[in-house]
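Go by the hints and put chain H onto chain E.
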Amino acid sequence: MKLERKLAMRNLLRNRQRSLLTSIMIVATVSLMILFQGLSDGGHRAMVDIGIKMGLGHVLVYQQGYNDDPSLEHLLVDAADTGQQLQQSVPELTHMVRRLHLNGLIQAGANGVPITLAGVDPGLEVQVSRIADRKSMMAGQTLAELPRERSGNGLPGIVIGEQLARNLEVGLGDRVTVSVKPKGSSDLSREAFLVTGIFKTGMQELDAFWAELDIADAQRLARLGQEVSVLALYLDDVEKVGPVAARLASQLPAGKYEVLRWDQVAPELHSAVMLDAAGMYLLMVIVFVVVAAAILNTILISVMKRTREFGVMLALGASPALVVRVVFWEALFLALFCIALGGALGYAGHYHFATEGLNFREVFGTTLEAGGVLLPDRFFSFIYPGKLAFSLLFVLLLTLLVTIYPAIRASRLAPVEATRHG
Amino acid sequence: MARPTAGKTAALDAPGSASSTKKATTMANTSVIRLEQVGKVFEQKKQRFQALKQIDLTVESSEFVVIAGPSGSGKTTLLNLIGLLDQPSSGKLFFNGRDLSQCSSTELAQLRRDQIGFVFQAYNLMPVLTALENTEMVMEFRGMAADKRRAAARKTLTALGLGELMDRYPDQLSGGQQQRVAVARAVAGEPMLVIADEPTANLDSRTAESLMDLMSQLNREHGITFIFSSHDPRVISRAKRVISLCDGSIVAPVSQAVEFSHAV
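If you read the protein sequences in the order shown, they are chains E and H.
To convert, note that position 17 of the first sequence is 17 in our numbering; the numbers rise steadily by one, no gaps.
To convert, note that position 228 of the second sequence is 228 in our numbering; the numbers rise steadily by one, no gaps.
These are calculated hints, taken from the structure and not from any lab test.
From a predicted model like this one, the values you see are computed outputs, not experimental measurements.
It is possible that part of the hints are untrue.
Claimed, not checked - Heads up, simulated DSSO-like pairs for lysine-lysine below, C-alpha to C-alpha not over 30 Å straight-line:
#1 E:Lys305 with H:Lys155
#2 E:Lys200 with E:Lys181
#3 E:Lys6 with E:Lys305
#4 E:Lys135 with E:Lys200
#5 E:Lys183 with E:Lys256
#6 H:Lys92 with E:Lys6
#7 E:Lys6 with H:Lys155
#8 H:Lys92 with E:Lys2
#9 E:Lys387 with E:Lys240
#10 H:Lys155 with H:Lys92
#11 H:Lys46 with E:Lys2
#12 E:Lys256 with E:Lys135
#13 E:Lys305 with H:Lys45
Bound-form chain H, shown alone:
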């Protein structure tokens, strides 16, 4: 699959460096995700629940998007579809221009492995792997050579301020540090898209701010497309675009290009 982002190397350069800024400016605006009339229905114990209704949505390359809405509005369901973790009950889902309706679960897993990074609300780091090994993991899934993936993981962790903590296990790190490792794991392999499900929900406000700074910087300087779900106003205020969901539908026109109010 052709990748719309050009000029990427094996790992992230330190935020703010000349090379990273140059990369971001050369990104072409191409649709990463497109949903056409997507619906999602869950059936449990003979009860039918429409979680998403007729969603039309396009996310372009290098966007920084927040899916906002109250609990039960369908944010996580939408993120699961965009992250190719689940498949729609109706409608069509395109990833990088490719219709995924005919894709097997193996193909979807390969797309996730090669093109998408995930940041979970509960971090979900492997408890038996160090920060460095957790960061390497997805690249190892891809079959990347050990020296290359190790170098990329080290570079990313250093860039995210975890250079001194690489050999620590998750239970030796604070919540904020764990979430930074999760971000490192998501971005070290230079994915096209990073999905983050309420990434700040378990963090105190200062750590949450710092994490948002980090992710918006990665978006700006490396051109990585970020899609979050959140109902935290501090996160929503950092988005370039906010998609509001209510009862499974997009309720407000998609707001475009909310400029950053925070300097990074």
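The following block holds chain E by itself, in its conformation from the complex:
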């Protein structure tokens, strides 16, 4: 082992108490950083996942102009063909559903509320919707669970939000009337439905102003053929959204379709995630500053306590660069050890929460809502390898950065004074 590495390593071992205290601090920081980063990113993924499963999708394909004017004049008329084409050209695709969104009025007795009606394929929607797969259902049946044969009174089923049910003063089995303005007509089209299910998502705009019905019923109500508002694509990995959306935008005929990512369609959800992530980064910066100050203090004291040793080395002809290397090796050994140990501990913590999940309600006694999305009681830690590598590298660089001053200070000692020190 070269002299500078030998001196560095043995000095760390010689000052066990000091090395241990500094190590504990760095190890705790690194492990907590990994743990919090995993939980934070896991929480964000859960938020996005829930948002996407609340009538969104990873990538959404609309008729050109729909987002500027979401009326019946801008519907996808050849959704079946387009869907088939997308099935073949997007290998990342796991599910694809078509939806018809209508603006309408729902009434029960004297109560009326303007809402968005979502016409969905009940069978397909089960795979991609928290309303359709019962996770958000409070009472009754999902559309997919309704018998194909209509009940005695012959009314089609409708699933509405919990807040909307309260506002309308209706419950399961009650009759509601839905009115929409059909395409190409100034008259309203009106039809009665039976409330067969009530859901609660925690999202105000869904719980109070959203209702789902079979897409065939929606098309009939709006006097449409097979037209739909959107083709919602679900991918095998949320990280692939950007590239897939960009690829589709260039593949599909220009001027006919509009391809949007989930964060473009639901900017409030994206902003909430970004804001939370920014808060996390700010917290990290504060932690890093505190740790940097502590490491600087430790290494500075270590260097000052060894003034005589460094002075002797310089007197005997050691180059200032060698003294700098000794101090840097010391910091590097300390940092590498702490990063390895802190990384292992942090990863163990992450692994626990990645497999068992964190029950937020159980731990904190409350639910967590961000960007209008109510997080599930249990969500799972997730680590982006690149982000983790960057964080660990950052801790390493930070340690080395704060070592510059003590190292230069040691290398510039005057041998005559330094050899008399202490």
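Chain H only, in chain E's frame:
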């Protein structure tokens, strides 16, 4: 830089051996250190203190010189200048014929590393290195190959009677043993000059005698130039030449060739 000493090998031979005696006899008497009108002034808190005044001094190769004088006479300051640890405020300092007034601190450090060995009053061994590693250290600074420097360090420590203690750390050695390791560190790389600042000050008289025997033997048999500072009469009596300092000036004519009164 040409070295005036000829026939040196990587490490010291055991004192008294035929080869070491032969080396000593082939040394040419060349000026190792020359000071011309050297002065040193310290300024602290607007106060000026003249530590050395107009010093003229030449030390030839293979000399065994003691700088004597009471505390505060300027012994350590003079040794620091001769050891190239400090630079004069006035006058000229020559090392092996080279004027050092234009040398950078890096060049001075290289000269110290390659040509000068140091023995400090407080030993100043690296506490985390063994006796062997401490002895190797300066040679490692020079970039000497590991096997060569290790062999030289082992040979020197054995020659100084520390063969059994090579793997001990300084805190496992007595004061006398530590100072012997310090001497080994100073001489293992075969420097032109060894500077020793009150090397016996922390030692009992028996250990001090033994250390002086060792250093005078290294001087005699290996031709290494030794310059000490001391106010210990037992050390002064062993010198071939005594330079007396008082209040920063050489006060007495330099006494030449005080013959050894002790057999080594």
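Unmet hints by their number, sorted upward, for this structure
1, 6, 8, 10, 11, 12
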